[in-house]
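Take a look at the letters that make up each chain.
There are 2 protein chains.
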Amino acid sequence: MKIIDIRARTVPISRFADASIPSGGLTTTMVAVVTDVVRSGQRIVGFGFSSIGRFGQQGLIEERFAPRLRQAAFADLSDETGTNIDPFRAWRVMMTGEKPGGHGERCVAVGTLDMALWDLAAKIADVPLYRHIACHGPAAPAPSVKVYAGGGYYYPESDVGRLADEARRARDLGYTRFKLKIGGAPLAQDLKRIEAVSTIMRDPAHVAVDAMNAYGRDAALQAAASLTPCGLWWFEDICDPLDFATLAEVVGSYDGAVAAGEALFSVAEAKLLAAHGGLRKQRDILLFDPVHCYGLPGYLQIVREFDARGWDRDRFWPHGGHLFTLHLVQGLGLGGAEVNPFCFQPFGGLADGTLIAEGRTAAPDLPGIGFEGRTSTRQAFAELVGERS
Amino acid sequence: MKIIDIRARTVPISRFADASIPSGGLTTTMVAVVTDVVRSGQRIVGFGFSSIGRFGQQGLIEERFAPRLRQAAFADLSDETGTNIDPFRAWRVMMTGEKPGGHGERCVAVGTLDMALWDLAAKIADVPLYRHIACHGPAAPAPSVKVYAGGGYYYPESDVGRLADEARRARDLGYTRFKLKIGGAPLAQDLKRIEAVSTIMRDPAHVAVDAMNAYGRDAALQAAASLTPCGLWWFEDICDPLDFATLAEVVGSYDGAVAAGEALFSVAEAKLLAAHGGLRKQRDILLFDPVHCYGLPGYLQIVREFDARGWDRDRFWPHGGHLFTLHLVQGLGLGGAEVNPFCFQPFGGLADGTLIAEGRTAAPDLPGIGFEGRTSTRQAFAELVGERS
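Heads up: the protein sequence lines correspond to chains A and B, in order.
To convert a position in the first sequence, counted from 1, into the working numbering, add 15.
To convert a position in the second sequence, counted from 1, into the working numbering, add 15.
Please note that a few of the clues may not be correct.
Since the list can't tell identical chains apart, any single copy or any two copies may satisfy a pair.
In silico DSBU-like pairs for lysine-lysine, Cα to Cα no more than 30 Å straight-line [to be verified]:
#1 K296 - K17
#2 K207 - K114
#3 K17 - K161
#4 K161 - K114
#5 K207 - K17
#6 K161 - K207
#7 K17 - K114
#8 K296 - K161
Hints were generated in silico from the structure; no laboratory data involved.
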């Protein structure tokens with residue numbers, strides 16, 4: 016087998032189900048890795064995208080990382096049998112010549128291609144991705160995993176009412192936990208948003224808040240003091256992601272769980288978080304986005320770093336909210352998965368018809384990641400490879 | 016005035032004067048920011064490039080940063096008089112919507128455009144760049160600054176002999192200090208390289224070594240022990256740039272000066288280096304590359320962070336080895352400048368005919384950065400804008 020084409024296209028991606036609401040100009044890059052393998056008359060293609068919440072990486076993919084894959088001998092990309100891609104070996108090819116430090120952007124470019132390579136490898140192995148990676152997880156993978164609904168951005172009009180509607184729709188889908196954004200409005204207004212969502216989810220301990228790294232030291236401590244009585248599930252991305260001194264100070268003053276790591280992208284930064292962030296291994300939450308952290312090989316470096324420090328894997332709740340992260344949670348035995356049922360379409364959310372029962376679900380029983388089981392995602396990727404869906 | 020065009024092109028750039036020697040596939044991106052201002056019949060164009068030692072950033076420039084400059088109203092880019100670009104205001108336009116963390120690649124893309132904007136602003140002001148930025152430096156800028164010759168990469172054949180030739184050529188040009196690479200060969204071989212260069216420069220205290228972040232903890236401590244008796248000028252980029260624990264351990268065991276920061280790209284990382292790297296403000300050296308650190312506005316954040324911590328500016332010897340960094344050293348009152356007289360052409364080195372006297376030189380007395388005073392650089396930029404030089 017060989018890779019015969021790698022296609023990439025950057026598309027806008029919205030924080031809102033209604034994509035016409037201004038959303039910060041975020042983008043993601045879709046990639047398709049096309050092989051010469053044909054199964055039941057269908058060519059095997061691996062699909063990936065740059066996760067959500069930052070920017071697409073078509074430029075770096077086309078300048079540096081896709082050329083290295085294209086120029087590699089298949090023997091440098093394949094497993095020992097020569098019948099499938101080994102994404103770890105492909106990852107080393109992509110990282111050839113990369114220099115130490117500078118963990119931004121390229122980590123997303125590599126992670127985007129890496130997602131497609133795992134989709135490809137699991138499709139060729141003819142198993143769902145979570146089973147293909149089970150050797151990196153617990154002896155007996157769980158048949159289902161905990162999930163929560165992410166979203167809860169600020170609406171430019173009728174904010175609290177529309178936020179409550181969004182949480183209600185999530186609850187009606189079977190989600191028992193919800194995460195909303197704070198830090199973009201005065202605290203009093205944020206407390207109203209939190210109260211509205213807590214009422215709908217019926218328990219503030221099922222509601223997490225995400226400050227999107229907005230607070231400086233004083234505002235962070237003030238917010239922590241105001242949030243303590245709320246009894247929330249967790250308090251996320253409090254300050255600048257590299258301001259470990261402020262993070263440690265907030266952790267020291269906040270009884271509830273703190274969540275960190277969404278805007279850290281490498282095992283080098285993860286070690287600094289572990290050493291200086293003050294996190295408590297029995298309580299706090301690790302959010303690293305596997306796609307943004309150089310893909311699964313980079314993410315596993317981070318998971319193993321915390322394994323070695325005595326953290327349980329149930330402290331990992333990876334950022335992302337899409338099918339790839341769901342497979343990783345199930346396959347690696349992590350705490351649970353974010354799902355974006357409404358925002359970041361057509362990539363957020365689960366396969367069509369997936370049931371959420373008591374706040375749990377499972378990855379689709381399809382080969383690979385199973386994007387084919389979600390109509391809107393399948394159509395987007397079909398367009399990229401020039402086929403009608 | 017307005018910006019009427021922004022052009023970018025990525026080109027290979029070699030660690031060797033002989034560009035046919037394999038050199039890690041490094042690239043840099045040249046940019047030209049073209050205005051509608053005409054002076055003495057010549058259109059004013061600002062030139063920049065992505066410094067050296069990492070990769071070009073045409074993709075990110077074209078995807079994110081040039082479009083923001085193009086779409087901005089001139090009033091958002093200009094100074095109060097409306098007659099010149101204010102690169103600090105242009106920088107804020109480029110950074111609009113950027114998210115916290117992830118200080119890699121984009122910092123180089125922004126720094127590349129920023130260099131061109133400073134060239135432009137100083138050309139419109141009709142002064143050399145170091146004078147245009149003098150308000151950020153000492154009351155009385157020095158008429159000349161200390162410099163050293165950088166280079167000294169491993170030659171694939173006849174390494175020590177060719178390295179000695181390179182150092183001799185630098186000495187013949189007037190350089191009294193030289194920096195070579197180590198960490199890519201066994202220590203015994205590196206000690207031979209160091210001895211050869213020390214003999215030519217006539218004093219090991221005028222010779223610095225750069226390990227290019229190659230050592231793990233044990234190798235770093237071993238190297239430090241072996242280098243201590245050499246009495247070198249400084250020991251640079253010892254371990255992974257974010258491994259502050261190893262750096263601090265080496266600093267604690269090494270009497271000579273240590274140099275760090277070339278592969279850190281933001282004030283957030285600079286604060287971590289200052290807090291956890293164990294550096295000694297009377298002895299150690301700060302290498303941050305202004306172009307790689309989000310350009311001059313980002314670099315000034317770092318300089319001021321160390322100002323506030325009581326460091327003297329003479330501890331800054333910025334990485335780069337080209338005219339832009341020379342202007343910054345002279346204008347901001349920094350310790351000294353790297354010059355790459357032979358490698359990283361056509362961008363390394365000084366203006367044609369520049370004299371080095373007793374290891375000191377000065378930025379060219381031309382408007383802007385003065386790339387026009389270096390034939391090979393002028394020709395490269397002229398090709399980019401489609402003119403004959």
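Now for the hints, and whether the structure bears them out:
no. : hint        : in the structure
1   : K296 - K17  : neither (44 Å within a copy, 55 Å between copies)
2   : K207 - K114 : between (47 Å within a copy, 26 Å between copies)
3   : K17 - K161  : neither (37 Å within a copy, 55 Å between copies)
4   : K161 - K114 : between (38 Å within a copy, 28 Å between copies)
5   : K207 - K17  : neither (55 Å within a copy, 46 Å between copies)
6   : K161 - K207 : within (27 Å within a copy, 60 Å between copies)
7   : K17 - K114  : within (28 Å within a copy, 37 Å between copies)
8   : K296 - K161 : within (19 Å within a copy, 50 Å between copies)
The structure shown violates the earlier hints numbered 1, 3 and 5.
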